[in-house]
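Participant: Sequence:
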Amino acid sequence: MAISGHASPSATLAVIFTSSALAIFAVVLRLWTRLLIVRQPGCDDLLVTLSLFFTLIFAVCVSFEVYYGLGRHIETLTKHDLTQLCLWLWISVWNYYIGLGLAKLSIVVQCMRIFGHIKGFRIASYVLSAIIVAFTIFSTFISIFLCQPVSRFWNLEGPGKCIDRLPLWLFNSAFTMLADIAVTVLPLPVLKSLQLPARQRYILMGVFGLGGVICIVSIVRLSGIYATSVAKDVSWENSQAALYSNLEAAVGIIASCVPTLRAFVKTYFPRLFTSGSAGSDGTELSDFSGGYDRMKVGAVRVTAGELDTGSGGDGTKSKAMMEHRERVPTPRPYGSTEELVPAVTREVS
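First residue of the sequence shown? That's 1 in the UniProt record's numbering, and the numbers climb one at a time after it.
Don't take every hint at face value.
Below are the DSS-like pairs computed for lysine-lysine, each with C-alpha atoms no more than 30 Å apart in a straight line [what the hints assert, rightly or not]:
{"id": "1", "residue 1": "Lys232", "residue 2": "Lys119"}
{"id": "2", "residue 1": "Lys232", "residue 2": "Lys161"}
{"id": "3", "residue 1": "Lys161", "residue 2": "Lys79"}
{"id": "4", "residue 1": "Lys232", "residue 2": "Lys79"}
What follows is a set of in silico ranges between Cβ atoms, one per label pair, in the way DEER data are often shown [as the list claims (entries may be wrong)]:
{"id": "5", "residue 1": "Met205", "residue 2": "Leu156", "range": "46 to 52 Å"}
{"id": "6", "residue 1": "Phe175", "residue 2": "Leu22", "range": "24 to 30 Å"}
{"id": "7", "residue 1": "Tyr202", "residue 2": "Ser8", "range": "39 to 45 Å"}
{"id": "8", "residue 1": "Lys119", "residue 2": "Ala11", "range": "26 to 32 Å"}
{"id": "9", "residue 1": "Trp32", "residue 2": "Val230", "range": "44 to 50 Å"}
{"id": "10", "residue 1": "Phe269", "residue 2": "Ile142", "range": "43 to 49 Å"}
{"id": "11", "residue 1": "Gly212", "residue 2": "Phe145", "range": "41 to 47 Å"}
{"id": "12", "residue 1": "Val230", "residue 2": "Pro270", "range": "53 to 59 Å"}
Worth flagging that the hints you see were computed from the coordinates, not collected in a lab. Beta carbons: idealized from backbone N, C-alpha and C, even for Gly.
Model the full assembly from the supplied sequences, consistent with the hints where possible.
Facilitator: Shown next, in the form of structure tokens:
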């Protein structure tokens with residue numbers, strides 16, 4: 001049974017507009033948090049903003065594709081419409097790869113802001129970043145020059161030839177999935193080793209592991225990529241690949257923004273942190289008070305024993321906690337941010 005890559009034009013546009021709007025909303029909240037609340041903007045914020053820019057270009061391209069016939073049978077299109085459809089497809093592909101690569105880099109860089117003092121993590125991050133940059137350059141270059149001359153991509157009756165799309169696009173999709181998995185798994189070992197209550201630790205792992213959703217979208221997208229690569233009715237079969245590609249890029253942006261929004265929620269919705277957030281041992285989850293950089297301070301406080309004893313909620317500390325606090329060294333600055341947990345550093349370096 002042949003795999004269908006078809007999605008209706010209305011469904012394609014609905015997903016494109018909804019996912020793009022959510023990505024814009026997430027980035028706006030992130031920048032609001034980093035610039036106005038935490039006041040610690042970083043390179044990761046710039047990267048995710050650029051990722052949003054290229055993802056929106058991709059969304060605009062897909063919208064033009066729909067206008068010129070994406071989701072309709074090729075025999076119903078005029079020669080002009082087919083040419084324009086292929087032209088916007090060509091523009092969309094390399095913007096997609098740039099946006100996706102920048103989103104992945106933003107996640108790695110923001111993790112470096114927290115865990116960069118850990119040698120093993122720092123090396124792994126540099127290696128992964130280099131791989132992501134190299135693949136982004138490769139996929140962008142090969143997408144632009146897929147055909148010789150370049151215009152052969154949209155001028156179907158013109159002279160020239162194109163590289164076989166099936167192995168290339170399948171390779172790119174497989175590599176993208178592996179990169180998504182690597183980016184998702186990267187911070188989990190460090191988070192698991194934090195000296196925090198189990199519930200708090202697992203919540204953090206869940207928040208940082210949101211990138212796993214991208215892997216699911218990438219897997220689903222594969223069927224659309226395959227259908228497009230082997231299809232003769234390209235305008236009919238390519239709509240599903242376009243839909244899932246935009247969804248994948250938008251989900252990547254949203255996943256990179258969610259962990260930075262805790263300070264925003266705590267500032268404007270404080271009641272969410274004043275009730276129902278305490279674990280069974282009396283530890284409050286609200287120790288993490290401000291995105292990544294504030295979270296590091298919170299982690300130090302938990303490790304150092306700076307937690308309320310729960311006796312009357314007056315903030316008093318037990319003698320054992322205070323003695324433990326004195327034994328734990330003050331965190332040192334690392335770059336523009338504070339170090340995470342000295343005790344953890346000794347354990348996992």
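Participant: All hints are to be evaluated individually against the structure, with a verdict given for each.
Facilitator: Results for each hint:
Only pairs whose Cα atoms come within 30 Å are accepted, and Lys232 paired with Lys119 is rejected, the gap being roughly 51 Å. For the given pair, Lys232 sits about 16 Å from Lys161 by alpha-carbon distance, which is consistent with the 30 Å threshold. Distance check on the hinted pair: Lys161 and Lys79 sit about 19 Å apart at the alpha-carbon level, within 30 Å; holds. Distance check on the hinted pair: Lys232 and Lys79 sit about 15 Å apart at the alpha-carbon level, within 30 Å; holds.
For the hinted restraint 46 to 52 Å between Met205 and Leu156, the CB-CB distance of approximately 49 Å keeps it satisfied. At roughly 26 Å, the beta-carbon separation of Phe175 and Leu22 lies within the given 24 to 30 Å, and the hint holds. The hinted range of 39 to 45 Å is satisfied by Tyr202 and Ser8, whose Cβ atoms lie roughly 40 Å apart. Between Lys119 and Ala11 the beta carbon distance is about 48 Å. The supplied range of 26 to 32 Å is therefore violated.
For Trp32 and Val230, the Cβ-Cβ distance of about 45 Å falls inside the hinted range of 44 to 50 Å, so the restraint holds. The given range of 43 to 49 Å is respected by Phe269 and Ile142, whose C-beta atoms sit roughly 46 Å from each other. The hint said 41 to 47 Å for the Cβ distance between Gly212 and Phe145, and at roughly 33 Å that hint is violated. About 55 Å separates the C-beta atoms of Val230 and Pro270, a value consistent with the hinted range of 53 to 59 Å.
Hint violations for this structure: numbers 1, 8, 11, all remaining hints satisfied.
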